Amino acid sequence: MQALSSDTTTLQNVTTTERIPAVEGWFTTSEPYTLIGAKCTGCGTVVFPPRSGSCPSPDCDGTELEPTPLSRKGKVWSYTENHYAPPPPYVAAEPFEPYALAAVELEAEGIVILGQVATGVMAADLSIGQEVEVDLQVLYRDDEGVDHWIWTWAPSAPKGSA
Amino acid sequence: MATERDLVVLGAGMHPWGKWGKNFVDYGLVAAKAALADADVAWRDIEFVAGADTIRNGYPGFVAGSTFSQAMGWTGAQISSSYAACASGAQAMQSARAQILAGFADVAMVIGADTTPKGFFAPVGGERKEDPDWQRFHLLGATNPAFFALNARRRIDVFGDTVEDFALVKVKNSKAGVGNPNARFRKEFTLDDFAGSPIVSDPLRLLDICATSDGAAAVIICTPEYAMKKLGTLQGTVRIRAVSNTTPTYPQVRLELPDIATDSNSVVQAPARGFKDSIAYNAYEQAGLGPEDVSCAEVYDLSTALELDWYENLGFCPEGEGARLVRDGVTALGGSKPVNASGGLASFGEAIPAQAIAQVCELTWQLQGRSDGHQVENAKVGLAINQGLFGHGSCTILSV
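Protein chains in written order, with this note's numbering: chain A, 1 to 162; chain B, 1 to 400.
It should be emphasised that the hints constitute simulated quantities derived from the structure, not laboratory data.
Small disclaimer: the values here were computed from a predicted structure and weren't measured.
Be a bit skeptical, because a hint or two may be false.
[As the list claims (entries may be wrong)] Some chain A residues near chain B, calculated using beta-carbon distances under 8 Å:
| # | residue |
| --- | --- |
| 1 | 44 |
| 2 | 45 |
| 3 | 47 |
| 4 | 48 |
| 5 | 84 |
| 6 | 86 |
| 7 | 101 |
| 8 | 103 |
| 9 | 110 |
| 10 | 112 |
| 11 | 150 |
[To be verified] Here are the simulated EDC-like cross-link-like pairs (lysine to aspartate or glutamate), alpha carbons at most 20 Å apart as the crow flies:
| # | chain 1 | residue 1 | chain 2 | residue 2 |
| --- | --- | --- | --- | --- |
| 12 | B | 337 | B | 293 |
| 13 | A | 75 | B | 157 |
| 14 | B | 129 | A | 143 |
| 15 | B | 129 | A | 24 |
| 16 | B | 129 | A | 147 |
| 17 | B | 33 | B | 106 |
Every residue, glycine too, gets a C-beta built ideally from N, C-alpha and C.
Isolated chain A, as found in the complex (with noise of 0.2 Å):
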């Protein structure tokens, strides 16, 4: 009885668990996701992928690059949908299935993010210009079974809704 509780315990914990990133610090794995950029505390210029050591500007000497979550929604710059799996280290799934990337842009930011979009959300569906939002979905479950998340670009309302 004492081993099958502590392994109850022990699934549950699984279950509970934060989400595991696929790459670390990019985004947020709990609501609401936002990606995470890096804010210079000496221009305010921010970067996404986040990064430290210097200011990507050329005229600012700062070195201190601290976190700051990105706007949540932007707007669909270009899009794509891949029909081909990618090569390795892209983890596809099998057999592989079709999906969109999109660049989509944050106004307050003046930054554009690839990303890819939604499952079951195609080039079709899309449009330049079109509300996107973030999201989080499986990338890929590794050989112990642990899922990994990445961040996507969801449509903020479904076509034909209101």
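Starting from the known structure of chain A, fit chain B onto it as the hints suggest.
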């Protein structure tokens, strides 16, 4: 008018592009010997060897300058090895040019060769979490064609281009390539062929995207004095009017390979001239020439749609009007501004470190009137442009 600072392309040589399954050094040797023969210069007389590196061939590929020098037989020449992705050849060219202009050498060889695997370009192996190239494949599956497709989609939705406009680029380039013995694909494609071509990255089809190839190219460059001694005249010699190796200016607001995001323009305003425009602009400035002076251009048509972008970056037409040039035949052989008369990457496929040098070989032969089967009439000024991963722009201008 060319000046004393405008070096001479004394000879050019290539190993034909293809998929031959040999070591890249074998290809390089063929190109090196062909360039030396074309220049009528002995290998022992070469004072500086500038190699363009290939990353897929391990150690010898990373140090291409010495690899080719050893293969040809060590002579004690000075050396450099350059890696700048697709712009590696142009970087090697600049390395040799700068050495000569600094007075450290009179005659140099610039050489690059590659042998490529089939399929998508993939990053170097191993788990390299800090490498943006690794990140974009692992996290997004953002292949090179996916990036080309984002640009192509912008052209359709913003400028009103059609997928047929893109196909016309391939039709044009494949037609030119039929006449080029160094091209890999010497088959003329038609619009009908596109219907059966599978979509790789929407809206681009397989036929819109350039293949990867094996190949090698080399040029011998020298001072005008050296050429004068050799030839007795500078009349008809091909001169290097400009080599620009340009980086972007912050903030780089156009999404470019392999970056997952652009810079932010929230604090610093975007520069008036974008990155790809500036690559051409800097070369024009160096040469004292403008788009109106260009007789023919070799541009990096990694995708068909990308060729249309280059027309605009080169100032051949205003932004958004590139498709009109291909529709009207302006950029075809026989048009007023022939682009990729060699057949371009559409007919060659890309052999990365050799490609920018091959562009220079092709232009040299055009300016010398030696491009039988794909000759541009009365070519006086040739321009080659490309863009290497991670912000290596390159543009070379030659004149006769």
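Verification of the hints:
no. : hint          : verdict
1   : 44            : holds (5 Å)
2   : 45            : holds (4 Å)
3   : 47            : holds (6 Å)
4   : 48            : holds (5 Å)
5   : 84            : holds (6 Å)
6   : 86            : holds (4 Å)
7   : 101           : holds (6 Å)
8   : 103           : holds (5 Å)
9   : 110           : holds (4 Å)
10  : 112           : holds (4 Å)
11  : 150           : holds (6 Å)
12  : B:337 - B:293 : holds (10 Å)
13  : A:75 - B:157  : holds (14 Å)
14  : B:129 - A:143 : holds (19 Å)
15  : B:129 - A:24  : holds (10 Å)
16  : B:129 - A:147 : holds (18 Å)
17  : B:33 - B:106  : holds (19 Å)
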